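Chains as they are written, first to last, in the UniProt record's numbering: chain A, 1 to 164; chain B, 1 to 364; chain C, 1 to 69.
Hints were generated in silico from the structure; no laboratory data involved.
Quantities reported herein were computed from a predicted structural model and do not represent experimental measurements.
In this text, a Cβ means the ideal position worked out from N, Cα and C, and glycines have one as well.
It cannot be assumed that every hint is accurate.
Restricting the straight-line Cα-Cα distance to at most 27 Å, the calculated cross-link-like pairs of lysine-lysine (DSSO-like) are [said to hold, decoys possible]: (1) A/Lys51 - B/Lys166; (2) A/Lys51 - B/Lys171; (3) B/Lys171 - A/Lys56; (4) A/Lys86 - A/Lys101; (5) A/Lys96 - A/Lys86; (6) B/Lys199 - A/Lys28; (7) A/Lys51 - B/Lys256; (8) A/Lys32 - B/Lys171; (9) B/Lys171 - A/Lys28; (10) A/Lys160 - A/Lys143; (11) A/Lys139 - A/Lys126; (12) A/Lys118 - A/Lys101; (13) A/Lys51 - B/Lys317; (14) A/Lys32 - B/Lys167; (15) B/Lys174 - A/Lys28; (16) B/Lys166 - A/Lys32; (17) B/Lys174 - A/Lys32; (18) A/Lys32 - B/Lys199; (19) A/Lys88 - A/Lys101; (20) A/Lys28 - B/Lys166; (21) B/Lys199 - C/Lys27; (22) B/Lys167 - A/Lys28.
To be clear about the criterion: a stretch of chain B counts as covered by chain A if any three or more of its residues have a C-beta under 8 Å from a C-beta of chain A, and this derived list gives those stretches [to be verified]: (23) 156-164; (24) 198-205; (25) 215-226.
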Amino acid sequence: MNPLVTPDIGLVFWTTVSFLVLFFLLAKFAWKPIMGALDERERFIEDALSKAEAAKEEMSRLTNENEVLIKQARLERDAILAEAKKVKDQIIADAKDAAHKEGARQIELARIDIHNQKAIAMADVKNQVAALSLEIAEKVLRKQFEDQGKQDALVADLLKEVKL
Amino acid sequence: MYKSSILKSKIFTLLRICAVFLTLTAFSIPAFSQEEHAEHAEGAEKKFEPSEVILEHIADSHSLHLWGETSLPLPVVLYTDKGLEVFSSAHFEHGHADYTGKYYTYRLINDKVNIVGENNTVAESSSIIKWNSNLTDLSITRNVVSMWMSIAFLLIIFFSVSSAYKKRQGKAPKGLQSFIEPLILFVRDDIARPNIGYKYQRYMPLLLTVFFFIWINNLIGLVPFFPGGANLTGNIAVTLVLSVITLIVVNLNGNKHYWKHIFIPADVPVWIWPLWWVIELVGIISRPFALMIRLFANITAGHIIVLSLISLIFVFKSVGIAPVSVAFVVFMDVLELLVAALQAFIFTLLTALFIGTAIEEHHH
Amino acid sequence: MFGSIAALGAGLAVIGAGIGIGQIGGKAVEGIARQPEAASKIQTAMIIAAALVEGAALFGVVVSFLGLK
């Protein structure tokens with residue numbers, strides 16, 4: 001029998017003992033913590049990945065929401081602006097209207113004033129004309145009516161005719 | 001932190017050794033030749049016998065060769081029918097002297113301890129197949145020392161790695177940890193999970209231990225000088241133990257489908273059953289047996305080829321052949337690096353496969 | 001004489017294993033060329049098959065060892 005293929009009982013014994021000791025030592029103090037740590041880390045990574053996925057979804061949801069909000073805000077702003085424009089136009093129109101009215105009133109007042117002044121002036125003129133006329137007439141009459149009889153007849157006549 | 005940095009430096013030393021030992025193979029040749037010279041001097045122009053030298057280098061030994069002609073004698077532990085005997089192998093003077101212990105007189109023949117009986121006769125050496133009941137040799141041999149060194153090495157590596165996992169909980173691996181982690185994940189994801197299935201976790205400790213034990217011993221076996229030099233995984237006793245462990249684990253974990261398939265095979269006529277049992281029994285034995293032979297033969301063959309190539313220099317008695325044979329040795333050593341990893345992988349893979357078939361759930 | 005017969009036996013075993021592993025490797029490469037995405041599965045199957053073939057060859061080698069006295 002070739003010595004190469006005949007197992008030595010001594011080496012068989014020591015290999016068995018040593019291997020079993022190695023196995024139990026490594027299993028207890030090395031493989032258990034290492035495999036535990038690896039599994040835990042894998043779970044952690046998986047967890048982190050799923051969390052990241054969730055966060056991404058949340059993010060996109062929020063972004064969507066934001067977009068909706070922005071759109072709404074924009075619409076609202078547009079509405080407000082339109083309203084403001086309307087109000088402004090209204091105010092301008094009102095102001096114009098008021099200005100027109102005021103102008104017209106002023107003009108009317110002025111016209112009335114002018115009218116009054118004219119009337120006053122006319123009355124004044126009439127008075128003066130009347131006074132002048134009276135004076136002239138007095139002078140004329142003084143000359144014409146040197147005699148009392150004619151004078152009285154004419155005064156009576158004139159008084160009948162003139163009316164003021 | 002301080003401890004792990006020391007360990008790291010040790011690992012780097014190993015890596016450096018692994019990287020440069022190919023070049024150092026050339027330096028180990030002088031030692032080899034000195035040994036031969038010594039033999040020549042004593043044996044008075046003894047002819048160089050490559051097969052003898054090769055077998056001597058491959059086989060186990062009672063002394064640990066350090067360098068040149070210096071070797072460390074190892075303790076001889078004998079369990080005889082009269083009691084336990086422990087003495088140093090230095091007493092044998094490399095097989096040139098007998099040693100008389102408490103119970104018997106012992107003689108070293110072919111590096112094996114034998115009892116010298118009366119009339120100077122020698123009983124058969126101890127082995128499983130020819131087991132002398134008087135003498136059980138439990139010596140701490142070269143292979144045992146090498147195995148203990150590898151075990152110490154594995155313990156240092158993996159204790160430091162597991163403490164790194166505790167210290168750096170939840171963080172990315174770093175240093176040695178990041179070198180070991182892919183290997184562990186490889187064993188888990190490429191060996192255990194696909195072959196065993198969802199119950200793989202139960203068998204991970206065994207698979208990891210087997211994988212790293214075989215791999216590191218293959219690598220240490222490739223180192224031609226002191227820390228290496230032993231041919232542990234190329235020793236049939238070691239591979240026998242490993243494959244017997246596989247055999248036991250597979251059959252202890254076999255589920256009812258596994259045993260039913262063996263003892264009550266479906267679709268087989270009852271009168272064939274005895275024959276079927278024999279075939280299945282052969283199958284149960286032959287699979288671990290193939291594991292044993294495969295690892296042993298691969299590693300031993302690698303060592304034999306390397307040693308043969310070196311022996312060529314002495315067979316031709318010419319230095320001119322040295323560059324050629326060293327070039328071939330370097331090539332073979334690179335190939336052996338691959339084989340070292342591959343055999344560890346295959347042993348673990350097939351163990352996982354056998355376990356997987358034994359615990360497979362059948363759905364009819 | 002006996003040793004050389006054993007060596008012859010080892011050589012014959014190697015021929016068989018060489019043919020077998022060559023077939024496995026060739027077919028595996030063909031398979032990978034046809035389906036590159038299945039490369040890792042094919043490789044694992046290839047290594048298992050190669051290991052089995054090699055196992056058979058190694059039985060031959062070991063038996064020739066036995067013959068080697």
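Quick rundown of the hints versus the structure:
1. Between A/Lys51 and B/Lys166, the direct Cα distance comes to roughly 25 Å. Compliance with the 27 Å bound is thereby established for this hinted pair.
2. The hinted pair formed by A/Lys51 and B/Lys171 meets the criterion: a straight-line CA distance of about 18 Å does not exceed 27 Å.
3. A threshold of 27 Å between alpha carbons decides the hint, and for B/Lys171 with A/Lys56 the separation of about 24 Å falls inside it, so the pair holds.
4. Between A/Lys86 and A/Lys101 the alpha-carbon distance is near 22 Å, which keeps this suggested pair within the 27 Å criterion.
5. Using a Cα cut-off of 27 Å, the hinted pair A/Lys96 and A/Lys86 holds, with the two alpha carbons roughly 15 Å apart.
6. As the CA atoms of B/Lys199 and A/Lys28 are separated by approximately 19 Å, the hinted pair is consistent with the 27 Å bound.
7. Distance hint between A/Lys51 and B/Lys256 is unfulfilled; the C-alpha atoms sit about 43 Å from each other, more than 27 Å.
8. For the suggested pair A/Lys32 and B/Lys171, the alpha carbons sit about 18 Å apart, so the restraint of at most 27 Å is met.
9. This hinted pair checks out: B/Lys171 and A/Lys28 have alpha carbons roughly 22 Å apart, not beyond 27 Å.
10. With a C-alpha separation of about 21 Å, the suggested pairing of A/Lys160 with A/Lys143 holds against the 27 Å cut-off.
11. Only pairs whose Cα atoms come within 27 Å are accepted, and A/Lys139 paired with A/Lys126 is accepted, the gap being roughly 19 Å.
12. Distance check on the hinted pair: A/Lys118 and A/Lys101 sit about 25 Å apart at the alpha-carbon level, within 27 Å; holds.
13. For the suggested pair A/Lys51 and B/Lys317, the alpha carbons sit about 73 Å apart, so the restraint of at most 27 Å is broken.
14. Using a Cα cut-off of 27 Å, the hinted pair A/Lys32 and B/Lys167 holds, with the two alpha carbons roughly 15 Å apart.
15. For the suggested pair B/Lys174 and A/Lys28, the alpha carbons sit about 22 Å apart, so the restraint of at most 27 Å is met.
16. Distance hint between B/Lys166 and A/Lys32 is fulfilled; the C-alpha atoms sit about 11 Å from each other, no more than 27 Å.
17. Distance check on the hinted pair: B/Lys174 and A/Lys32 sit about 19 Å apart at the alpha-carbon level, within 27 Å; holds.
18. Restraint check for A/Lys32 and B/Lys199: satisfied, since their Cα atoms lie roughly 16 Å apart, inside the 27 Å limit.
19. Distance hint between A/Lys88 and A/Lys101 is fulfilled; the C-alpha atoms sit about 19 Å from each other, no more than 27 Å.
20. Pair hint A/Lys28 plus B/Lys166 holds up; C-alpha atoms about 14 Å apart against a cutoff of 27 Å.
21. The suggested pairing of B/Lys199 with C/Lys27 is violated, with an alpha-carbon distance near 32 Å, which exceeds 27 Å.
22. Only pairs whose Cα atoms come within 27 Å are accepted, and B/Lys167 paired with A/Lys28 is accepted, the gap being roughly 17 Å.
23. Coverage of a stretch by a chain is defined here by at least three residues with a beta carbon nearer than 8 Å to that chain's beta carbons; for the segment 156-164 of chain B and chain A the count is 4, and the condition holds.
24. Counting residues of the segment 198-205 of chain B whose C-beta sits closer than 8 Å to any C-beta of chain A gives 3, which meets the bar of three, so the coverage hint holds.
25. For the segment 215-226 of chain B, the stated coverage by chain A is violated: 0 residues have a C-beta nearer than 8 Å to a C-beta of that chain, whereas at least 3 were required.
Of the numbered hints given earlier, the model fails hints 7, 13, 21, 25; all others are met.
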